[in-house]
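Counting in the working numbering, the sequence shown runs from 1 upward without gaps.
Among these hints, one or two may not hold up.
As the list claims (entries may be wrong) - Heads up, simulated DSS-like pairs for lysine-lysine below, C-alpha to C-alpha not over 27 angstroms straight-line: (1) K82 x K12; (2) K12 x K174; (3) K68 x K82.
Stated by the list, open to error - Cβ-Cβ distance ranges computed for the label pairs, FRET-style: (4) E138 x Q188: 18 to 26 angstroms; (5) K174 x R89: 35 to 43 angstroms; (6) G46 x T84: 33 to 41 angstroms.
In case anyone wonders, no lab produced these hints; they're calculated from the structure. Computed from a predicted model, the values in this text were never measured in an experiment. Idealized CB from N, CA, C, for every residue including glycine.
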Amino acid sequence: MSSYAIISLGGKQYRVREGERLLVDRLRADEGATLEPRVLLVGGDGAPDLAPSATVTARVVGHELGEKIRIGKYRRRTGYKKHTGHRSRLTRIEIEAIGGAKRAAKATAKPKAEQAEKAEPKQSDAAPTAKTEAALPEGYAAMTIAQLTEAAGGWSREQVEAALDHERNDKARKGAIAALESALEEKQ
């Protein structure tokens with residue numbers, strides 16, 4: 001599907017390709033176990049996808065110790081000298097596949113009611129209509145989710161519905177959608 005992906009493991013980000021082996025901070029998985037790290041970006045064939053639905057499958061090859069790091073402390077004119085060392089505990093993983101299995105798994109996990117709702121054609125999938133744009137509250141485009149949550153209580157029902165349509169079709173900010181849905185419930 002793609003030639004590379006950026007994944008997050010142990011608070012660090014790695015750029016990986018299929019078949020590649022890399023050392024990461026020690027994982028709790030046993031040798032031979034497979035894992036699916038969080039995917040941040042998928043790219044390579046065309047424009048990179050910042051909201052990927054693809055999964056990366058990795059297999060734990062083994063656990064290792066890193067190269068020894070020597071640390072020396074010295075204070076002049078006192079005779080103080082101290083030497084210590086450190087070896088990081090690491091895990092070697094191999095990237096087995098970069099694919100789109102996550103999308104299929106999500107679709108099967110949703111309840112039937114949500115699937116039926118999704119099957120209905122939306123009114124405007126491509127771009128918001130001029131009517132929707134006109135009904136949006138003034139300054140809506142520059143609002144943060146916190147500002148939107150506070151202001152939504154004072155808007156008319158039409159403005160809240162227009163803002164909700166705009167969020168669902170264009171921006172897809174989860175917090176904004178939740179705030180607008182609760183404001184719409186209060187209006188009913």
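Status of each hint after checking the structure:
1. K82 x K12: It is violated: about 32 angstroms lies between the C-alpha atoms, which goes past 27 angstroms.
2. K12 x K174: holds (25 angstroms)
3. K68 x K82: Given that 27 angstroms is the threshold and the Cα spacing comes to 16 angstroms, the pair holds.
4. E138 x Q188: 18 to 26 angstroms: The hint (18 to 26 angstroms, Cβ to Cβ) holds, given that E138 and Q188 are roughly 24 angstroms apart.
5. K174 x R89: 35 to 43 angstroms: For R89 against K174, whose Cβ atoms are near 36 angstroms apart, the range 35 to 43 angstroms holds.
6. G46 x T84: 33 to 41 angstroms: violated (50 angstroms)
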